[in-house]
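Asks: Sequence:
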Amino acid sequence: MVKGDRVRANTPRKINEKINREIKDSVMYYAERPDYEVAGRIEKLDKEWDIERTLETNASILASLGVVLGFSRSKRWFLLSGIVTGFLLQHAIQGWCPPVSLFRRLGVRTRKEIDVEKYALKSLRGDFDGVSSMDDRRDRALEAFSSSTSI
1 MVKGDRVRAN
11 TPRKINEKIN
21 REIKDSVMYY
31 AERPDYEVAG
41 RIEKLDKEWD
51 IERTLETNAS
61 ILASLGVVLG
71 FSRSKRWFLL
81 SGIVTGFLLQ
91 HAIQGWCPPV
101 SLFRRLGVRT
111 RKEIDVEKYA
121 LKSLRGDFDG
131 VSSMDDRRDR
141 ALEAFSSSTS
151 I
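All residue numbers for the sequence shown refer to the working numbering, where the first residue is 1 and numbers rise by one.
Take these hints with a grain of salt, some might be off.
As the list claims (entries may be wrong) - The calculated label-pair distances, taken between Cβ atoms and stated as ranges, are:
1. I15 with I83: 22 to 28 Å
2. R76 with E52: 25 to 31 Å
3. S101 with R33: 32 to 38 Å
4. R53 with D25: 20 to 26 Å
5. K75 with E37: 53 to 59 Å
6. K75 with K44: 40 to 46 Å
7. D46 with L102: 21 to 27 Å
8. R111 with R33: 22 to 28 Å
9. D139 with L102: 34 to 40 Å
10. R6 with R138: 31 to 37 Å
11. R105 with D127: 18 to 24 Å
Since the hints were derived computationally from the structure, they do not count as laboratory data.
Predicted, not measured: the structure shown is a model, and the values here were computed from it.
Here a beta-carbon is modelled for each residue, glycine too, at the ideal position from N, C-alpha and C.
Using the sequences and the accompanying hints, generate a full structural model.
Replies: Right, dumping it as structure tokens:
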């Protein structure tokens, strides 16, 4: 685990292990694929939403909804905005809040986890000269995954 990765530190070990396994499985899968498929996966990773973006979007939608419903229906709806912004503050301070658990269980990854897969795929594709002298792509994939798994 990377020092300072508060989301992973506050995520149950089983979920972190599942995410790590999925990253490794993806890298191993793409070791058997042509470079254009690897490039396609890297493009998808560039667009993947991380946990921070997901939380911020979720919080802004729910807080806005609370304000709109508070003005149009009942003042009690303002409570929703208060709770959601409280959770966002808690996440900013502690690196955890209740929605993090839900999103992590749904497989939403940290930026570092996404970057680990992307780095391993780029290494597998040969983007980094001299990183590996191995000819077998599966061996290169394992080496790339291992060298980038400081998560």
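Asks: Take the hints in turn and mark each one as holding or not.
Replies: Quick rundown of the hints versus the structure:
1. I15 with I83: 22 to 28 Å: holds (24 Å)
2. R76 with E52: 25 to 31 Å: holds (30 Å)
3. S101 with R33: 32 to 38 Å: Since S101 and R33 have Cβ atoms about 33 Å apart, the given range 32 to 38 Å holds.
4. R53 with D25: 20 to 26 Å: holds (24 Å)
5. K75 with E37: 53 to 59 Å: The hint (53 to 59 Å, Cβ to Cβ) holds, given that K75 and E37 are roughly 54 Å apart.
6. K75 with K44: 40 to 46 Å: About 44 Å separates the Cβ atoms of K75 and K44, which means 40 to 46 Å holds.
7. D46 with L102: 21 to 27 Å: holds (25 Å)
8. R111 with R33: 22 to 28 Å: holds (24 Å)
9. D139 with L102: 34 to 40 Å: holds (38 Å)
10. R6 with R138: 31 to 37 Å: With a Cβ separation near 34 Å, R6 and R138 satisfy 31 to 37 Å, so the hint holds.
11. R105 with D127: 18 to 24 Å: This hint is violated: roughly 33 Å between Cβ atoms.
Against the hints set out earlier in the document, a violation occurs for number 11 only.
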